[in-house]
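Last residue of the sequence shown: 367 (our numbering), numbering continuous.
Source of the hints: derived by calculation from the structure; they are not laboratory data. Where is the CB? At the ideal position from N, CA and C, for every residue including glycine. Hints should not be assumed to be uniformly reliable.
To be verified - Below, simulated BS3-like cross-link-like pairs (lysine-lysine); rule was C-alpha separation at most 25 Å, straight line:
{"#": "1", "residue 1": "K94", "residue 2": "K157"}
{"#": "2", "residue 1": "K299", "residue 2": "K82"}
{"#": "3", "residue 1": "K66", "residue 2": "K94"}
{"#": "4", "residue 1": "K268", "residue 2": "K135"}
{"#": "5", "residue 1": "K313", "residue 2": "K338"}
{"#": "6", "residue 1": "K310", "residue 2": "K212"}
{"#": "7", "residue 1": "K183", "residue 2": "K233"}
Said to hold, decoys possible - Across the chosen pairs, the derived CB separations fall in these ranges:
{"#": "8", "residue 1": "K167", "residue 2": "S124", "range": "26 to 32 Å"}
{"#": "9", "residue 1": "K364", "residue 2": "D337", "range": "16 to 22 Å"}
{"#": "10", "residue 1": "G64", "residue 2": "D337", "range": "28 to 34 Å"}
{"#": "11", "residue 1": "K196", "residue 2": "E16", "range": "43 to 49 Å"}
{"#": "12", "residue 1": "S259", "residue 2": "S234", "range": "22 to 28 Å"}
{"#": "13", "residue 1": "S124", "residue 2": "K196", "range": "20 to 26 Å"}
{"#": "14", "residue 1": "S7", "residue 2": "P171", "range": "53 to 59 Å"}
{"#": "15", "residue 1": "G297", "residue 2": "E128", "range": "30 to 36 Å"}
{"#": "16", "residue 1": "E16", "residue 2": "K268", "range": "38 to 44 Å"}
{"#": "17", "residue 1": "L246", "residue 2": "K157", "range": "16 to 22 Å"}
{"#": "18", "residue 1": "S7", "residue 2": "Y176", "range": "48 to 54 Å"}
{"#": "19", "residue 1": "M54", "residue 2": "K101", "range": "25 to 31 Å"}
{"#": "20", "residue 1": "S5", "residue 2": "I339", "range": "25 to 31 Å"}
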Amino acid sequence: MKLHSLSIYHYRNIEELSFECNERVNCLVGRNGVGKTNILDSIYYLSCCKSNLMTNDALNVKQGEKSFLLQGSYLLDDMGMKVSCAYNLEDKSKLIRCNDKKYARISDHLGVLPVVFISPNDVSLIYEGGTERRKFLDGFISMYNRDYLSNLLVYNKILQQRNTLLKQDQPVDDVYLSIIDEKLSILGTAIFEERKRAVAALSTLTKHFYGKIASTEECSVEYESQLFSNNMKSLLERNRERDLCLTYTSTGIHRDDLSFKFNDSSLKNTASQGQKKTFLLALKFAQYQLISEYKNGLKPLLLLDDLFDKLDKERSKNIFDIVDGQEFGQIFITDTDKILLHTIFEQRKEEGIFWQVSDGKIEKTTL
Numbered sequence: 001m002k003l004h005s006l007s008i009y010h011y012r013n014i015e016e017l018s019f020e021c022n023e024r025v026n027c028l029v030g031r032n033g034v035g036k037t038n039i040l041d042s043i044y045y046l047s048c049c050k051s052n053l054m055t056n057d058a059l060n061v062k063q064g065e066k067s068f069l070l071q072g073s074y075l076l077d078d079m080g081m082k083v084s085c086a087y088n089l090e091d092k093s094k095l096i097r098c099n100d101k102k103y104a105r106i107s108d109h110l111g112v113l114p115v116v117f118i119s120p121n122d123v124s125l126i127y128e129g130g131t132e133r134r135k136f137l138d139g140f141i142s143m144y145n146r147d148y149l150s151n152l153l154v155y156n157k158i159l160q161q162r163n164t165l166l167k168q169d170q171p172v173d174d175v176y177l178s179i180i181d182e183k184l185s186i187l188g189t190a191i192f193e194e195r196k197r198a199v200a201a202l203s204t205l206t207k208h209f210y211g212k213i214a215s216t217e218e219c220s221v222e223y224e225s226q227l228f229s230n231n232m233k234s235l236l237e238r239n240r241e242r243d244l245c246l247t248y249t250s251t252g253i254h255r256d257d258l259s260f261k262f263n264d265s266s267l268k269n270t271a272s273q274g275q276k277k278t279f280l281l282a283l284k285f286a287q288y289q290l291i292s293e294y295k296n297g298l299k300p301l302l303l304l305d306d307l308f309d310k311l312d313k314e315r316s317k318n319i320f321d322i323v324d325g326q327e328f329g330q331i332f333i334t335d336t337d338k339i340l341l342h343t344i345f346e347q348r349k350e351e352g353i354f355w356q357v358s359d360g361k362i363e364k365t366t367l
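Construct the complete structure from the given sequences, taking the supplied hints into account.
If you want it as structure tokens, here you go:
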């Protein structure tokens, strides 16, 4: 899969921008705050129908404007594909089109154009609560498993219904609650089993990639779920009275989490900044390879934002050795240091294009 061209209108700090992409490596260089990350985020949006940076679409509209529009032209399985994403601030409407055809459901587009975004914001996976890690896991699996995404959407809808029922002032209908619990149990169990498989594969590959970057340390990813010790139905039944007091559902797969280990200890508490950055890179590289495998060899777009921050020269070299391999497809890299990237390119005789980004504008450049 290749992104052939990209057009951005009124997105974040970008007024209007268009360029044709190199099919291998695109380096976006420039000072901090000029729009490099926003360009990567627009590519992510065209794949995931949402920003990697902002959960509120209204905040992605350029200040003073009423809407934004993103357009991408792709080559997928030797066929052209045009995707557009538009958001209107006034009526808060979002429109996703593929080859000029509107999707009936936005979720139908997820996984069509897989993408992996590596950015400094990934530290939230380490420092924030379980919600961030579940979002990462769900987004990862949804890239290649449409049934999982469907189950997850229905589960969340029924969970919301259950919580609404628990909050009402009048006595709860036990029969109705039992019907809801049965549906949640079936969906929750299916989600649990897929998460278990995905995390096992993710942990193995994360160890592999971490070892290629820093061979003296070990890491792992562990899946934490209440369903390891109890089935979903018994959990809901056992905690029903408690849930009625709390007025929300306190047990289930919506409480799952991931645990990141570093040399058999907590990554958050024992690893240095460089080691944490190395772990997150290894985790995302593992995510990339698994998506490619599960999508029958389709290589996601790889977005690398501020790649070399907090990394020494040896780790930076090893990371570029990894992304320079055949298992990775089209790559977009941002950095403030054009000389560093150019030196790496010359050493490897790598083909690519350098783009100078300045105040929301872009132009092809040389050293």
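Hints and how they fare:
Of the pairs offered as hints, the one joining K94 and K157 holds, with about 20 Å between alpha carbons and a cut-off of 25 Å not exceeded. Distance check on the hinted pair: K299 and K82 sit about 18 Å apart at the alpha-carbon level, within 25 Å; holds. A threshold of 25 Å between alpha carbons decides the hint, and for K66 with K94 the separation of about 13 Å falls inside it, so the pair holds. For the hint pairing K268 with K135, the CA-to-CA distance comes to about 19 Å; that is within 25 Å, so the pair holds.
Restraint check: the Cα-Cα separation between K313 and K338 comes to about 15 Å, which is no more than 25 Å; the hinted pair holds. Only pairs whose Cα atoms come within 25 Å are accepted, and K310 paired with K212 is accepted, the gap being roughly 17 Å. With a C-alpha separation of about 9 Å, the suggested pair K183 and K233 falls inside the 25 Å cut-off, and the hint holds. Hint check: K167 to S124, Cβ distance near 29 Å, so the stated range 26 to 32 Å holds.
The beta-carbon spacing between K364 and D337, approximately 18 Å, falls within the hinted interval of 16 to 22 Å. For the pair G64 and D337, the beta carbons lie near 32 Å from each other, so the given range of 28 to 34 Å is met. Between K196 and E16 the beta carbon distance is about 46 Å. The supplied range of 43 to 49 Å therefore holds. For the pair S259 and S234, the supplied restraint of 22 to 28 Å holds, since their beta-carbon distance comes to about 24 Å.
A hinted range of 20 to 26 Å for the beta carbons of S124 and K196 is consistent with their spacing of about 23 Å. Restraint check, S7 to P171: a C-beta distance of roughly 57 Å satisfies the suggested window 53 to 59 Å. For G297 paired with E128, a C-beta distance near 33 Å keeps the hint of 30 to 36 Å intact. Remark: the range hint 38 to 44 Å for E16 to K268 is upheld by a beta-carbon distance near 42 Å.
Distance hint for L246 and K157: a CB-CB separation of about 20 Å, consistent with the stated range 16 to 22 Å. Take S7 and Y176: their Cβ atoms lie about 50 Å apart, and the range 48 to 54 Å holds. One distance hint, 25 to 31 Å for the beta-carbon pair M54 and K101, holds here, with the actual separation near 27 Å. Take S5 and I339: their Cβ atoms lie about 28 Å apart, and the range 25 to 31 Å holds.
Violated hints are absent here; each numbered hint is respected by the structure.
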